[in-house]
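If you read the protein sequences in the order shown, they are chains A and B.
Going by the numbering used here, the first residue of the first sequence is number 1, and it counts up by one from there.
Going by the numbering used here, the first residue of the second sequence is number 1, and it counts up by one from there.
Misleading hints may appear alongside valid ones.
As the list claims (entries may be wrong) - Cβ pair distances, simulated, as ranges:
no. : chain 1 : residue 1 : chain 2 : residue 2 : range
1   : A       : Gly37     : B       : Gly365    : 29 to 35 Å
2   : B       : Val224    : A       : Glu215    : 32 to 38 Å
3   : B       : Val13     : A       : Arg89     : 34 to 40 Å
4   : A       : Asn117    : B       : Ser211    : 24 to 30 Å
5   : A       : Glu115    : B       : Lys367    : 47 to 53 Å
6   : B       : Glu238    : A       : Glu219    : 42 to 48 Å
7   : A       : Arg89     : B       : Asp195    : 19 to 25 Å
Stated by the list, open to error - With a straight-line cut-off of 27 Å between C-alpha atoms, the simulated DSS-like cross-links for lysine-lysine are:
no. : chain 1 : residue 1 : chain 2 : residue 2
8   : A       : Lys38     : B       : Lys204
9   : A       : Lys85     : B       : Lys252
10  : B       : Lys298    : A       : Lys85
11  : B       : Lys14     : A       : Lys85
These aren't lab readings, by the way, just hints derived from the structure by calculation.
Backbone N, C-alpha and C define an ideal beta-carbon position, used for all residues, glycine too.
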Amino acid sequence: MTSIKQLPYEEYFLAGNGSCPGCGLTIGLRNVLKALGKEVYMVVPASCSSVVQSPFPNSSATVPLLNTPFAASAAAASGMVRALKVMGRDSVVMVWAGDGGTFDIGLATVSGAAERNEDLLYICYDNEAYMNTGGHRSSATPLGTFTGTTPTGKRENKKNIPLIMAAHGIPYVATASIAFITDLYDKILKAKDMKGFRYIQIFSPCTPGWLLPTEKSVESAKLAVQTGMYPLFEIENGIFKISAPSKAYLKKEKRKPLTDYFKLQGRFKHLKEEDIKLIEKWVDEISEEYASMDGKKVV
Amino acid sequence: MSIIEEKKGVSNVKVVTANEAVALAVKCAKVDVVGAYPISPQTSIMEYLTKYIETENLSMEIVRVESEHSAMAVAMGAASVGARAFTATASQGLLYMAEMVYWVGGSRLPVVMAITSRAMGAPWILGNEHTDVLLPREWGWMVLFPEHNQEVFDTIIQAYRIADKTLIPVVVGLDGFILSHTTMPISIPDQSVIDSFIPKDVPKPYALNTSNPFTHGNAVHSNVYLEFRYDIFRTIEESEDLVDQVDKEWEKLTGRSYGGVIEEYLLDDAEVAIVVIGASSGDAKQAAKNVREKYGIKAGVIRLRSIRPFPVKRLSQIASKLKAIGVFDRNMSPGLGGMIATEVKFALYDLKDKPIVQSYIGGLGGKDVRIVDFEKIFTELKEIVDGRIGVQRVRWVGLDLAAVDSYFEEV
Ligand SMILES: Cc1ncc(C[n+]2csc(CCOP(=O)(O)OP(=O)(O)O)c2C)c(N)n1
Ligand code: SF4
Ligand SMILES: [Mg+2]
């Protein structure tokens, strides 16, 4: 396992970009690119990342970057991968997409590319809503959450996209978090050297969208793991494995209370007792399910 | 085969549908990546291409995607790193793809797309109509429209030449079913001729690579967007000569050319003419001959081969010698007129001696349009010139409202 001191000093996504202070997506992207290095093509659909990279003629990306319409990135990356193959160029193609572009509008496209097992690395940074439009619900938004289009709290649970991706039979699926950088870094390193469609989903807090104080974004990401709200795992060639940062928290008695996580964020301020019960039930069920899957072939 | 072709040693003749002609042209153009999704009447293009790839060991990659939106995204991704890319669609497929088509236009990527024309629902309809092919003319694409299978093959090759030169993507439209599913012998030039006509090692300032990284398509402020759009406008406007020139150069190599932006038929002494695109042009030409013989009407045909660039220059030269033009549109702009008639009027408005322009709409959804229908258009144009009847906003061809009324009575 890589230690924090071993992370490269090189920066591939430069400072001075357009993100908000405390933005999780840029923490994630910065470290993902450290793991991937220079030989990578980035494909980015409509999202906060289209804005964060900075407008023409500036760009914070020091690797080639193709912007695409919202639903198109997995297909555009497929075309790019095939073209590089015909032209005999050996580089990684990485999609960097939001949860809206992955869970919702782009799902057919992502599923198509996964079913074809295109040789690309698909990364979804999950900030649990459409942040670029000002914070609106996506199917990644957890139950009970306030967004601009769920003013009294979302009625539905978060969609389990990592398991849906795993059901495609692709070689690698993982969840990661910006609070556990070395775990994230190692997952990217591993995925980088694999062939076929690789899916990694990174938990990425959004300070304005979550009504979260700037300095609390890493802390809230850590709590998401410690409360069981966001379990970290890998599914490598069909075998499910809980990742080290989540290991201790599969047991209910070890988990921190959900309210520790909720109280940092304005998006959960209105939650009632019964909402918290429902969310707790969801966390209990998922944690139990994952504990029973640990170490087993699940697809 | 023509004498010129024999002289040039071109001997590979195949009897093919226009869809197979498209697929052969894509193979001969050595396209690197194809985005493929089925829809009638385009589907067999993709069937032929997959067959060539799988049985002839081509190095072409075909990505059998899950939607047209993705088919164009594949072409875009491939072109963005400098590969030669192709896709094809029709009708509903084009509408589903629309967001990507516009994006590729704005991206200035030299993609070529074939559209086998087909009407659009609701209600469900398979028949031929040109509205779909014409839509991308507003989306930053060139739009060319050949008349027959040989010209379809030749135009796909010419399209790559034009796209590589201008960095404007090109649509090649062809009549669904009428061409896509009917056969005709076509002559295929030597591969070396095609390689020299559309070399792949052309400058690609837009192509992404890891040694000189840059960002493609990132947000701009409104201080430059208008200027970017202007450059697309100007490039298409100025490419009227380029389309002519590319067609002439193709003639030098193959003995075949089609008049560049416009094929002129019996126009030298003509008084009235029909503007038409695609496969119906053959019927219009026959009708011009017939009315000359039968009624002594000095009739001619203006076959638009290029809708973008819209051939304003050449059309003005031709039109200033005419008394009346009938524009036959197999499409419509609801409540206004035929789409091409609207553009012809715009193009000719500033002419000093401009002809009368009469819009005709017909053939929507595949309704038959016959030689006699074009003869009738010519005789009406003559009557308009002679002042016996007036111009109407639109004259409809083959409109039979009684047929619909009788159906609703039965119900
Ligand atoms: C077809 C289409 N519909 C809607 C939009 C408007 N839009 C831009 S970004 C976005 C949401 C992006 O959400 P997500 O993928 O989660 O990324 P985030 O903004 O959260 O980083 C939306 C709805 C668009 N660009 N294109
Ligand atoms: S709105 Fe959220 S995701 Fe978007 S840049 Fe700001 S912090 Fe990052
Ligand atoms: Mg989001």
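So which of those numbered hints doesn't the model satisfy?
Numbers 1, 5, 6, 9, 10, 11, in rising order.
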